[in-house]
Amino acid sequence: QSVLTQPPSVSAAPGQKVTISCSGSSSNIGNNYVSWYQQLPGTAPKLLIYENNKRPSGIPDRFSGSKSGTSATLGITGLQTGDEADYYCGTWDSSLSAHVVFGGGTKLTVL
Amino acid sequence: QLQLQESGPGLVKPSETLSLTCTVSGGSISSSSYYWGWIRQPPGKGLEWIGSIYYSGSTYYNPSLKSRVTISVDTSKNQFSLKLSSVTAADTAVYYCAHMGYMITFGGRNGYFDYWGQGTLVTVSS
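If you're matching them up, the sequences are chains A and B in order. Once you know that position 21 of the first sequence is 21 in the working numbering, the rest is easy, because the numbers rise by one and skip nothing. The working numbering runs 1000 ahead of the 1-based position in the second sequence.
By construction, these hints were calculated from the structure, which means they are not laboratory data. Be aware that a few hints might be false.
As the list claims (entries may be wrong) - Computed footprint of chain B on chain A; a stretch qualifies when at least three of its residues, placed anywhere within it, have a C-beta under 8 Å from a C-beta of chain B:
hint: 1; segment: 23-33
hint: 2; segment: 45-57
hint: 3; segment: 99-109
Said to hold, decoys possible - Just some of the chain A residues that point at chain B, by a computed CB distance under 7 Å:
hint: 4; residue: Tyr88
hint: 5; residue: Trp92
hint: 6; residue: Leu96
Claimed, not checked - Pulled from the structure, derived: some chain B residues nowhere near chain A, Cβ distances all over 12 Å:
hint: 7; residue: Asn1062
hint: 8; residue: Gln1079
hint: 9; residue: Asp1091
Quick caveat: nothing in here was measured; it's all calculated off a predicted structure. We treat Cβ as the ideally placed atom computed from N, Cα and C, and that holds for glycine.
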């Protein structure tokens, strides 16, 4: 089981908006920054969001990130069929020795 | 544009040591404020961070794997490496190397993987 909890799957129609949640605790999300990754089938993960809400160059503003307390959220607007992928949240955990943790992943289906 | 490429055996026998190397091109492995990491993904499952290393040799390891993992860096070759000992079938996975932006601020630890290798499948089987 992952330290960070994500819904296994979400779905929405093309053009619609979807949000993916990532729930943690004070030892991880509550006191560290969150990043989000998109993994298309058969490919390496791709950074979508870092530092809770910043987008790397080349990532469209349809993708957004936010954090509140011990939870984080990835938002995707104007859904496209090409957005169908697995999405992972990640952060650092400061319990015991500092280490990186990932959520279990969320499969996005664009209906 | 930074590029990373994993290399190493695709098949390892149980109880033996898995060894992989990541070659970095398009940038220096000795760049400050950046770490280099290993992440794995068992077939059909999620991402698991293995560990990260700074060019000076400073490391962070996943506590659940720490007793079996060694990550090292060779700045002269612009490479970093992973060794995972006493492997079992549970270590079968796609192994990714990645570049990690990292800083510690008043807001906490800020670490993210912005460049990834394509991944290499390592199967543990006799």
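Honestly, which of those hints from before does the structure not fit? Failing hint: just 7.
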